[in-house]
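Participant: Listed below are the residues making up each chain.
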Amino acid sequence: MSYNFAYLDEQTKRMIRRAILKGVAIPGYQVPFASREMPMPYGWGTGGVQVSAACLTPDDVFKVIDQGADDTTNAVSIRRFFEKTAGVAVTESTAEATVIQTRHRIPETPLRADQILIYQVPIPEPLRFLEPRETETRKMHGLEEYGLMHVKLYEDIARHGEIATAYAYPVKVEDRYVMDPSPIPKFDNPKLESPALQLFGAGREQRIYALPPYTKVVSLDFEDYPFDPSKAHHPCALCGAEDSYLDEVIVDDAGGRMFVCSDTDYCAGRLTQERPHDPAFASTQY
Amino acid sequence: MGGAKTPAAPQTPEVAETPTLPHVAEFLDREGLLQPEHEDNTAPRDLTREPLDFPADRPLKLQALARGDEGFVLSMAYSTQRGYARNHPFVGELRIGRVAVSMDIPELGFDIDLGEITVSECETVNQFTGSKTEPPQFTRGYGLVFGQSERKAISMALVDRALRWEELGEDDVGAPAQDAEFVLSHSDNVQATGFLEHIKLPHYVDFQSELELIRRLRAEAMGASSGPREAAE
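Protein chains in written order, with our numbering: chain A, 1 to 286; chain B, 1 to 233.
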């Protein structure tokens, strides 16, 4: 069976590109788009996949991560999908990739201006958990009425002594739109200011938004309670990195645990540098 | 969705060879007891080709309900029967038939019939007390669904009628079935299933961040009040 390049028909890709361009022109603004049914369930990256399909060219090198890892089920499925329907080269290396689709992480390796990072977004509306109605939240964005969000953050501090949001931490883009960075840990928020183009696709919710390169992105906070991109206070048990986001892995029935990098490419890269001849840590090439 | 228009289309001689049954509602129509549906010949917005947008007009609502999950539409309809935006329906007509599915091929410039599908159609007749300008009259709810499914067709007609409260000048009693944004945003089974089942995917990165937050908050709370803990509950 043969597919049109990257599965979607050209008309649809054009429609998605128009939404992307609008998103780039208005950073942080959620552009409604006519999301298509994809051959995978909603909630499993249909938005990210449609944005990737609209961005990919035959010369691109494609990388997909879920939870920072290339070998997670969702990442493997989506990578294979574009291998099959677009015939593009794929990689696990952040540095080699030109287009990276991600769920829940920003790679540790700093991105470059010639790369595009595409996020899978479940709920694009940062105000949704405060106001369930789309008709209301669109009005609030239009009027730049973000008082509700600031009150929520203030109440967190009053109740818990700090802002009790650990992932999908809201940001303000270019002093205008409050934006949901997708469920990345807040540790990743500082990386949202990047030389790379960042695109966000929410298929089920039919929204696309964007952060053009070098866009100003500020995590919401208060002067006396500044934003803190915290992480577990451990080095990685495999590569020793102290600057990467760590997963806590249970290793035995007694509840023993170790902390390891969630970014598998970053971790493997550091291990290969250390032990270049150990094939166990060499990054797999597809 | 060709042929899904609520008012019976006048029969044209070309289709006369197909035996057609008149709509039951036409008989009530003759007495003026039934509110006429105003004909609107503008092409309806296509839910599968445009993002859902509010306020949604009736064609969009009907599309969403026709595509909606049967269990969801049924429960919404049932809730109106139990009093959440109650508007007692009579089944004016309930019928099952086959309709042609044709596809517009822009390159060819004409339609091609792909085949036939079975659909179920229901038109309900509901009370309407009238207003200052209009005497009491019956109003309609409409349901058209894929396949042989009387239950879903009736359900759809009830929910359609409940969603028409604003157009018919009725009160918003705050019932779920009156809330177009709520009903339309949650009726699609494919969306609901996908999003529900996505929680089977790994979430260990965001869970880890939450885990660290909860541990930190607990450590601070325990450290701050090393005495009796009743305040912490």
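Careful, some of the hints might be misleading.
[As the list claims (entries may be wrong)] DSSO-like mimics (lysine-lysine), calculated; alpha carbons at most 30 Å apart, straight line: (1) A:231 to A:22; (2) A:13 to A:191; (3) A:152 to A:13; (4) A:84 to A:152; (5) A:191 to A:231; (6) A:231 to B:132; (7) B:132 to A:84; (8) A:139 to A:152; (9) A:191 to B:200.
Keep in mind the hints are simulated off the structure, nothing from the lab.
Values in this document were obtained by computation on a predicted structure and should not be read as measured data.
Participant: Give a verdict on every hint.
Facilitator: Here's how the hints hold up against the structure:
1. Of the pairs offered as hints, the one joining residue 231 (chain A) and residue 22 (chain A) is violated, with about 35 Å between alpha carbons and a cut-off of 30 Å exceeded.
2. A threshold of 30 Å between alpha carbons decides the hint, and for residue 13 (chain A) with residue 191 (chain A) the separation of about 28 Å falls inside it, so the pair holds.
3. Restraint check for residue 152 (chain A) and residue 13 (chain A): the C-alpha separation of about 38 Å exceeds 30 Å, so the hint is violated.
4. Proximity of residue 84 (chain A) to residue 152 (chain A) is assessed by CA-CA distance (about 45 Å); at most 30 Å being required, the pair is judged violated.
5. Note on residue 191 (chain A) and residue 231 (chain A): the hinted pairing holds, with a Cα-Cα distance of about 14 Å set against a maximum of 30 Å.
6. Of the supplied pair hints, the one linking residue 231 (chain A) and residue 132 (chain B) is violated, its CA atoms being roughly 66 Å apart against a limit of 30 Å.
7. A distance of roughly 65 Å separates the Cα atoms of residue 132 (chain B) and residue 84 (chain A); the hinted pair therefore is violated under the 30 Å criterion.
8. A hinted pair counts as satisfied when its Cα atoms are at most 30 Å apart, and residue 139 (chain A) with residue 152 (chain A) qualifies at roughly 18 Å.
9. Between residue 191 (chain A) and residue 200 (chain B), the direct Cα distance comes to roughly 28 Å. Compliance with the 30 Å bound is thereby established for this hinted pair.
Checked against the numbered hints above, the structure breaks hints 1, 3, 4, 6 and 7 and satisfies the rest.
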